[in-house]
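Undergrad: Listed below are the residues making up each chain.
Number of protein chains: 2
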Amino acid sequence: MEFSSKLLENAVNEMSQLPGIGKRTALRLVLHMLRQPKEHTNALTEALSTMRHQVKFCKSCNNISDVELCEICSNPNRNEEIICVVEDIRDVMAIENTSSFKGLYHVLGGKISPMDGIGPHDLNIETLVNKVKEGKVKELIFALSSTMEGDTTNFYIYRQIQDYNVFTSTIARGISVGDELEYADEITLGRSIVNRIPFENSLKI
Amino acid sequence: MEFSSKLLENAVNEMSQLPGIGKRTALRLVLHMLRQPKEHTNALTEALSTMRHQVKFCKSCNNISDVELCEICSNPNRNEEIICVVEDIRDVMAIENTSSFKGLYHVLGGKISPMDGIGPHDLNIETLVNKVKEGKVKELIFALSSTMEGDTTNFYIYRQIQDYNVFTSTIARGISVGDELEYADEITLGRSIVNRIPFENSLKI
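First to last, the protein sequences are chains Z and A. This note's numbering applies: residue 650 is where the first sequence begins, and numbers increase by one. This note's numbering applies: residue 650 is where the second sequence begins, and numbers increase by one.
A couple of the hints might just be wrong.
The list treats identical chains as one, so a pair stands whether inside a single copy or across any two.
Said to hold, decoys possible - Below, simulated PhoX-like cross-link-like pairs (lysine-lysine); rule was C-alpha separation at most 20 Å, straight line:
(1) K705 - K687
(2) K708 - K655
(3) K782 - K853
(4) K705 - K655
(5) K708 - K782
(6) K785 - K708
(7) K787 - K751
(8) K853 - K751
(9) K655 - K787
(10) K687 - K785
(11) K785 - K751
These are calculated hints, taken from the structure and not from any lab test.
This is chain Z alone, in the form it adopts within the complex:
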């Protein structure tokens, strides 16, 4: 792609560094900015820059926060004996949207993935293990992706804490609500039979 302006080329190149944004999309976005008043671009760059430099991570759960201890961790109405372990703050947002969990979270910041060079020490696993060692936690809920990497991470953490008095659970895997059985994959269907639940429990939600 040949550009008639170095400034434009630079902006497109930087924009196309973002995941899922190719050169063409980047050009479309940048030309859109040029058609809009300058204030729009100012607002965008200002918001991104402030966010990147000033955002904090909760010192307890590692969730993104504007203060030292995030709103969830500092909420006295939440049960601090149950911790839900997730990969990412998007998972926190997704679970919060369901309004079905009133405990705290612990954001790992990823999952163990040797292929991508991510080992246990790149994640916030130590702080989680320390919380368990302190003895205040009664239950850990693993809510990681159901992939090889997710399972590896679950198991790694499980090994670190199995000598302590803590109950560990994992979110249920099974047929999605509203799905037809015939379209479900074999592994999910198989697991949903092995891990069947008392019928009365299914009436609760």
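Once you have looked at the hints, place chain A on chain Z.
TA: For chain A alone, kept in the frame of chain Z given last:
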């Protein structure tokens, strides 16, 4: 979507103002920035801001440029008697990539579209008409989209200049190279028969 941080929310909101970027995509992009070193965000915001404030539009053709007269307009090897009229600088880049045109361009900055409130006076039509009036232009090639708005714009400009001694042409519409006839739409196929060309001409490219 509930955010645990106002700064994050702000950044996501600004990002999702861009066309084709929804809230979820914006969140994904912003979280990606958070995982990258701060320098990456600095480079992006700096490039966008400099581009938005310092980029110039060529005073002759309205193409984006870093200098007053763009590289194409100031190139003595280009034929300034032929002007290709396009909507957008992306069209200039697309035509330049084909290396099949050695004249100059004129970027209108859009097309007449009453539905979107864009009239002739919102576009760079007057400067184009003035160029024709000065008598240096021998041919105008209309290379606008083949839509109602494109055709309206072509016709509007044509009416403004028809009394001057200038030849007007429009880019060929027809079956794309490599396309099967049976999949072509009727209008395109019909036009390609009406506007058929001598066979020898098709051997040239």
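Undergrad: Each hint should be assessed against the structure and marked as holding or not.
TA: Checked hints:
1. K705 - K687: between (29 Å within a copy, 13 Å between copies)
2. K708 - K655: Classified as between; 17 Å across copies, 43 Å inside a copy.
3. K782 - K853: neither (33 Å within a copy, 79 Å between copies)
4. K705 - K655: between (35 Å within a copy, 11 Å between copies)
5. K708 - K782: within (17 Å within a copy, 70 Å between copies)
6. K785 - K708: Result: close within a single copy only, 17 Å intra versus 70 Å inter.
7. K787 - K751: Within. Shortest intra-copy distance 14 Å satisfies the 20 Å Cα cut-off; inter-copy 75 Å does not.
8. K853 - K751: So K853 and K751 pass the 20 Å test inside one copy only (16 Å; across, 73 Å).
9. K655 - K787: Neither: 59 Å inside a chain and 32 Å across chains, both beyond 20 Å.
10. K687 - K785: neither (53 Å within a copy, 36 Å between copies)
11. K785 - K751: within (16 Å within a copy, 76 Å between copies)
In summary, the structure is inconsistent with hints 3, 9 and 10 from the numbered list given earlier, while agreeing with the others.
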